[in-house]
Each structure stands twice: as C-alpha cells, then as structure tokens.
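Chains as they are written, first to last, in my numbering: chain A, 1 to 345; chain B, 1 to 345; chain C, 1 to 345.
Fair warning: there could be bad hints in the mix.
Since copy identity is lost for identical chains, a pair holds within one copy or between any two.
[To be verified] Taking lysine-lysine and the DSS-like style, the derived pairs with C-alpha atoms no more than 27 Å apart in a straight line are: (1) K285 <-> K50; (2) K201 <-> K22; (3) K139 <-> K198; (4) K90 <-> K30; (5) K201 <-> K334; (6) K22 <-> K90; (7) K30 <-> K334; (8) K136 <-> K83; (9) K198 <-> K285; (10) K320 <-> K285; (11) K151 <-> K201; (12) K50 <-> K198; (13) K30 <-> K136; (14) K22 <-> K342; (15) K201 <-> K342; (16) K320 <-> K334; (17) K151 <-> K342; (18) K50 <-> K341; (19) K30 <-> K83; (20) K139 <-> K90.
Everything labelled a hint here was simulated from the structure, so no lab data went into it.
From a predicted model like this one, the values you see are computed outputs, not experimental measurements.
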Amino acid sequence: MRTFAKPLGIAEIIQLIGGDYKGESSLVIKSVAQAAEADAQSVIFVDQEKYLQVSAASNAGLIICTEAYAEELGNHNLLLVEKPYFALMKLVSIWLHLETHSRIAEIHPTAIISPLAVIAEGVTIGAYTVIEAGTKIGKGSIVASGCQIGKNVSIGSNCHLYPAVTIYEDCVLQDRVVLHSGVVIGADGFGFLLDGAKQVKIPQIGNVIINNDVEIGANTCIDRGTIGSTIIGEGTKIDNLVQIGHNCLIGKHSILCAQVGLAGSTIVGDYVYLAGQVGAAGHIKIGDRAMIGAQSGISNDIPEDARCLGYPARDAGLMKRIMAAEMSLPDMYKAYRRSLKKEGD
Amino acid sequence: MRTFAKPLGIAEIIQLIGGDYKGESSLVIKSVAQAAEADAQSVIFVDQEKYLQVSAASNAGLIICTEAYAEELGNHNLLLVEKPYFALMKLVSIWLHLETHSRIAEIHPTAIISPLAVIAEGVTIGAYTVIEAGTKIGKGSIVASGCQIGKNVSIGSNCHLYPAVTIYEDCVLQDRVVLHSGVVIGADGFGFLLDGAKQVKIPQIGNVIINNDVEIGANTCIDRGTIGSTIIGEGTKIDNLVQIGHNCLIGKHSILCAQVGLAGSTIVGDYVYLAGQVGAAGHIKIGDRAMIGAQSGISNDIPEDARCLGYPARDAGLMKRIMAAEMSLPDMYKAYRRSLKKEGD
Amino acid sequence: MRTFAKPLGIAEIIQLIGGDYKGESSLVIKSVAQAAEADAQSVIFVDQEKYLQVSAASNAGLIICTEAYAEELGNHNLLLVEKPYFALMKLVSIWLHLETHSRIAEIHPTAIISPLAVIAEGVTIGAYTVIEAGTKIGKGSIVASGCQIGKNVSIGSNCHLYPAVTIYEDCVLQDRVVLHSGVVIGADGFGFLLDGAKQVKIPQIGNVIINNDVEIGANTCIDRGTIGSTIIGEGTKIDNLVQIGHNCLIGKHSILCAQVGLAGSTIVGDYVYLAGQVGAAGHIKIGDRAMIGAQSGISNDIPEDARCLGYPARDAGLMKRIMAAEMSLPDMYKAYRRSLKKEGD
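Pulled out of the complex, with its shape left as it was, chain A reads as follows (with noise of 0.2 Å):
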C-alpha cells in the first residue's frame, strides 16, 4: 500500500481522471493498494475477470473498474472508466507531483558544492554529494544524497539524480532528465589499440549528452565519446544496467530494456524498442521504430520498421520459422545420415 501525503475527496478524483460514480459522496481516499491489503481509504482498480473475487471482498473504500463489473462489486463505491489501470495511474501520477511539489528545496549542509559551480533556485542537493568547479544546476532540479558531480557538468531544471549517481566531467543533462541510483555518465569509452605487445590507451576527451526527458535506471553506464559526444535523444527511456559505448547517437522516445549493449558508434533511431540483453555490434544503423526481441544480437544495419530476432538479428518471421525447423533438426539429421549410408551402398 502506498499512503500519499494528501488525502483526496471523491468530487476531486472525479475531476482529476473523471469517471461515473457510484457510491457515497463524503468518500476520502489517501491510498493506493492491493485488494487484499486496502483498507476504507484505499483506492484499487479491476480490469480482469480473475482479480474480481478478491476486490468483491476487499475492503477498499474506492473501487475503479468498467461497467461490466459494476454488478458484481456493487457493495463497494464504484468509479465506472472505460480504462481502470490508466484512470489509477493517472490519479498516481497527480498524487506524486503533489508531493514532489510540496517538497521545500534544501541544500544539505554536508553537501560539497565548489564555489565555481552555480546552482540555480529551488535546487535541492542532498548529504555528501559533491559538486565540482565549473558545473551549473537549473532550477528545481534534485541532486539526492552521495552522488558525485565532476567539473563543467551542466545539469538542466527539473532534473531528478536519485543517491549515489556518478557524472564525469563535460557531460550535459538537459531539462526532466531522471537518472536512478548508481548510473555512470561519461566513464571513459572502451577505445586501446595493441601497438606491439601493449595494449595502448586512446585517450577519451568528448562528453556525454542527454536530452530532456530521458529516463535511465539503475547502474546503467553510457560511455563519454572519444572526440564528440555519445548522446541520447529526447524523450528515450533506458533501463536498469545497460551499456552505451563511445559516441553512440541514440534517438528520441526508444525504450532500450535491461542489459541492453551497444558497442561505440551504434546509431539507434527514434521510436525503437530493444528488449533485454539485446547486444549491437559498433558502427551500424538501427532504423526508426524497429523492434529487436530479447537476447537478439545485432551485427549489421537494421531497417527502419523491422521486427528483428535471434542470433543473429534475423526478420523476426523468419527466426520464427527456423526455431521451429530446429526442433526437428535431430530427425533431419538421421534422414541425412541414412541417405549418405544409401548413397554409399
């Protein structure tokens, strides 16, 4: 159950994500739970036929659900939507902005802030961070607890860093950027070149940008560019432990899934989709709105609006039909053997 700082009267959950409603009119919500957990100030929703039981005999003050539930829940106060999960998370997404926007800017005490770095107002900066010369955060943004801001980083306004996030130096976040906890921004890009018996290093001195809007999770790392920047395009959302190597150019509002990597130089679109694990080798081209299935490795240029799959990336059909010829590959095999036993016969 998640309890939210302000509780909300029913008049307003209807005006906030509408609804028609069917229930007592002094209702007040503050929560939002699972049907076995919530309780008189609990709202949860229904939206298939096997959660119906339980939400009959939960004690959820507020119930949102289609019309074609309405009979079943009837001992409940009902708010009718065509699209429960939607309505619920909307009325969510209102609630956390309230908080977020109640919330008063502070900069922690502890917090070790260069006097060559400029902070913008309603800046909040937690314990222990550190925030080098030359680096400028814009108004509103969070800078949680233990993270590590290097010099010349420009951080936007209304940024979230939750704790313990890393940026090297150069890097650029535009506005909304949301980086979670233990993401590395602008790490050196894997680049060495055997020059005899060693391996010699080629030295890394482009940054890392990344547009407003973009969302990334936990530990992921995206690599600075060698010269020029890795950068990733407005509105794009990467998951938890991903890899982006040096200057890779990713474009706007792709969904890059857990583990995901990109060797340097990958070019990937607007609007693609890259499932878990997904690998992509360097210096190739995924095309806008292509779809990669989990695990899939990449190894060349990938049209735009492909379904790719396997390894290696293959029209996602076409995979299809080879996994299922796989399956009778051992029998195909013994046909095989014993037509090479006839034919020597």
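With the hints as your guide, set chains B and C onto chain A.
Just chains B and C now, with coordinates in the frame of chain A:
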C-alpha cells in the same frame, strides 16, 4: 593466506569439525592458505591427487585430507576426514563468525541518521552513510560506509549491507539479509506507455520485500513493484549484476547466477537454478527445481523439475541433440541444394 | 570541444608528434574539436573522404591529415602525417599527461583515513572517501571522492580510482591501475552448496590481485577468490559491467568488452579478445590470442589462436557456415516433410 583474529588449538579444531588427528598435540593454527604460501600456523586441505606433491612439500602446520592420502603426506600433522573441503570451510565459517561477534557495534559520528529513524541496539553504521526518516534497523545489523537508505525502509536483525548500497523508500529486508556493494534495491520499475508521440511513465509505487537469509551480489538491481511488491523468497542467493524487474516473485532457496535478467512479473519457483546471463520474459512462470543453462532465453512457462537450455530455452536433451546436428548443417544444406538441382534436371 | 590547460605552439606540436607543416609559424592551439565546432585555436583531423567537405569549411586553426587531402584543404594550416588519427591521439595523450602532472596532490579534509593506513607522498584523496586500517597507497595515486577502501588493501603508485569505487579488504592493486566509477573489487565469490533444504554459504576468504597497467570500466565487478586469488594480468583492459567470478585467472594484455561474464575459476590467456556479452563457464581455459565473437557462450576449453563464435561457441568459419545454412532451414524442413510423406505413400 587469510589470518584470523583468534588462533585455535588442535583440540578445539577437532571439537569443532571432527576428524581423526595424527600429529603434535600442541599445534596452534591461525590461518588458511594455499599449499605454496602456507606456514607452520596455517591449515591447508587436499582432496585431489594433482595437489598431493605441492602439499607434501608445503610448510603447512596442518593438512586436512582423506585417509587415502595419509601415507604420502605422512611428514605433516594430518586431520583425516571424509570431505576435506567441507571440513575446512566449516572451520573457516566458525572463524569468521567469531570475528564478527567480537566486533564492537559502533555508529560512526559522520553517519547522518534521521531523528525519525529507529536504530536497535548493537547496530553498526559506517562513515558517511545516510539513513532517512521512518527507517528501522534491527539489532546486530551492519550498514557499512557510504550507504544510502531511503525513507520508511525496514531492515531486520543481523543484516549486513556492505559499503555503497542504496535502498529506495518503503523497501523491506527481513533478517540476516546480505547486500554487497553497489546493490540498488527499489529503483523504479521500467514501465512506460507510448501515448501518441511520447513515452509516458507509469508511476511505480510498490516496493521490494527481501525475505530472511537472502544474499545479493555486487551491483545487482531489484526494481520496486508498480503496485504491490517485488519479492525475493527466503534463502535465495543472487549473484552480481543481476536485473530483477518490477513485481517479480522469486521463490525460496533459488540460485540466480551473474548477469541474469528477469523482465517484469516473472515468477520463479523454489530451488530453481538460473545459470549466468539467462534472460526471462515477463509474466511467465519457472517451476520449482527447474535448472536453466547459461545464456538461455526463456520466453514461455517452464515446468517443475525441467532441465532447459538454449535460445529459445528448450528441453536440455533435445537442445543438445539440436546443437550436435547443427555441426552437420552446412553439409546437410549442400545435400539439400544438390537434391534441388537434381529435381530441377 | 575539449580545451586543454596548456596551449601549444605549432613548433612544439611538430616536435611532439612530427609531420610536415604547411601554414603560419605563429599558430597556437589549445583545443581538440570536431570540424563543425572548431575555432581558430582548435585542431581537427581528417582521415576519410566523407569528412573532407565539412573539414574544408571548418574554422579549425589546424588540420592534421594525409598528403592526399592537402590540396582540398589548402585553405587551412595543415600538418601532414601518415596516420592522422594516431598523430592527434598522441598529441591528446601528451596534453592530458601535462594536465595530470600539473595537478597539486591534495587530501580532502573530509576524507576519513585510518591512522593505521599508510599514504605515500603526492597522493590525492577526494571528499568523503573512506580508507580503512592497514591500507597502503603508493605515491602519485589518485583516489577520487566517495570511494570505499576496505582494510589491508594495497594500492600501488600512480593508480587512478575515479569517484565511487569500492574495494573490499585484502585486495591488491599494483601500479598505474585505473578503476572507473562504480567498480566493485573483491566482493564475495558466489559459492553456495545445497545442504538439505538450504543453500549454505562457502566462505570467501581469498582476495583480488590486479597487476600493473590494468584499466577497469564502470560498474564492473571482480569477485575475491574463495581461497587464493582472482588475478588480472598486466596490461589487461576490461570494459563496463563485466562480471569476473572467484578465482578467475586473466592473462596479460587481454581485452574483455562490456557485459562479459566469466564464471568461477575461468582461465583466460594473454592477448585474448572477448567481445561484448560473451559468457564463459567455470573451470575452463581460453588459450592465448583467442578471439571470441560477441554474445558467444563458451562451455569448453578454447585453443590458442582460435577464432570462435556462437552459442555454443564454435570455430568462427564453421559457425558462419551454420548461420548461412540456417537461413534455408525452413525450406529444408519442408523438403524433409515432403520426403517423409513420400516414404509413407
């Protein structure tokens, strides 16, 4: 070589781990070593023929071995047991336990602990650790240096958080939970919906519940539930760099090796074994005692006791036959081409 | 654009990296840039035809290129060399070296250093870093802010630990080791034994030894040995998010790309190349100079100089033929089904 704070006489050692002793009764041991580095106060073990020679030549004060090697190693003090490795590991566990329990609990003066947190007796908190309001820590637990513990977190008794662990608000650890460095518990689940041209965030208001005796490796991420909880069952052990998505339910006493990735709402049973780099799609169920080979891609339910392998994951026996047949696939393909040509003639 | 602290005159530049100069003798350069952003004090390089036009139109003060492009770029100051990229990278390395060596060593007053630690001269230690008893740090090393260095750690000279690195007790770094942010060295190896109904922990009392000139990427984990050491050989370079299990022995000058995972006791030779997301089973040996393709799954020993690919990893030539044949597998399957039917007739 690892030297322990408390030296043990041979009589104590025999009392603790048993065995049949042949050697000096005044022997005192205080370290565990490899054969080559051992000294007169070290114990080593031998359980394979290939280590006999180096062990015979070792300066080790004590050798734990089986009866079978007693003659070859007769120039040393010997403790004869059935399973030398387990006997030594039992001894080491006892030594480590003695060290931990002789430790004096201490809260470092630089730890920032909210006055609204509740810290039990005998808790150790390291330097520069931050503990926010509403959080409870049970007796005997250790939260090492540089940890970030959010609001309303519940940590049970005798837990051990190594340095630089992060826990987001509302998460729950029961007793004797071990979290290694860089672990992130409770970051937002990866939930976005493409609404027109933008990815819209689904708010993540659940939590993570980690049951008794769970151990989690370095830099592993366990995301909070969207609504409700992501749950790790009692006694389950998770290796480094693992990703566990929102609302996963992991059973008891299971083993998840390094770099495993589970998408959201995956259900994993009890005594399951997932080898390294396994990936599982969301909303599927992996039955009790299933064993899944390294790098397998699980896209469908796996029955109890199954042995699976490959991409996509299939019955291990079938998959091995497929893999064997693949070795001949180029030749089979040539034969197929010849047959096509013949038909065409 | 990266601007360096020390501007260099063209005469100095020629002395440092050689080449045939055509241009103003009074030229002074202080930044490296991409063509479009360059100004009169920037150097750029051209080594591909496709960058000629943008380079010709650039405001760069100096262009490093080959003789072949001298005419098209004749309106600029040119430094003609055989390998423009390497020449520029050499110059950048010298610039970075000058910056590092002009740095004044400083121990931040908030660093907590045990009185039982031994810190050499010229060591820099960042804010809020914790260094425990018995640890030694050699001259010229940098331990940046927010690092957690356990007991009895040995760090050699001229090492560079970026912010938020964690090292567990007893681990050893030789000289010139570079660890990027979020690296965890020496967490417990993943060893558990199912004893009846419970997973029993095998105590992990070894350490990690990292030899000279190793560089390790962000959020990579290297586990301590169970007994004995996990060892990384001289000059080996490891990328981000890599997992190295307990008691692995990695040779010299090898390359491990991002998200590689090695199970316990894997032996990797010298000059080995493991591409991204490769996984290796434990207790196997990968021979010197072997090159393993991305996402490969290694379950058996790999001979020296092998080129391998795939899951399971096979000779790369064979694997490419298998992959090519797979494209026809659905058709081969249909033919097989027809032949079965014919036989049945």
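Going down the list of hints, with the structure as the test:
no.	hint	in the structure
1	K285 <-> K50	between (43 Å within a copy, 17 Å between copies)
2	K201 <-> K22	neither (69 Å within a copy, 29 Å between copies)
3	K139 <-> K198	between (47 Å within a copy, 24 Å between copies)
4	K90 <-> K30	within (15 Å within a copy, 52 Å between copies)
5	K201 <-> K334	neither (52 Å within a copy, 46 Å between copies)
6	K22 <-> K90	within (20 Å within a copy, 65 Å between copies)
7	K30 <-> K334	neither (66 Å within a copy, 61 Å between copies)
8	K136 <-> K83	neither (42 Å within a copy, 38 Å between copies)
9	K198 <-> K285	between (31 Å within a copy, 22 Å between copies)
10	K320 <-> K285	both (23 Å within a copy, 22 Å between copies)
11	K151 <-> K201	within (22 Å within a copy, 31 Å between copies)
12	K50 <-> K198	neither (63 Å within a copy, 31 Å between copies)
13	K30 <-> K136	between (37 Å within a copy, 23 Å between copies)
14	K22 <-> K342	neither (79 Å within a copy, 68 Å between copies)
15	K201 <-> K342	neither (59 Å within a copy, 57 Å between copies)
16	K320 <-> K334	both (23 Å within a copy, 15 Å between copies)
17	K151 <-> K342	neither (75 Å within a copy, 71 Å between copies)
18	K50 <-> K341	neither (57 Å within a copy, 45 Å between copies)
19	K30 <-> K83	within (21 Å within a copy, 59 Å between copies)
20	K139 <-> K90	within (25 Å within a copy, 40 Å between copies)
Consistency with the previously given hints fails for numbers 2, 5, 7, 8, 12, 14, 15, 17, 18, ordered from lowest to highest.
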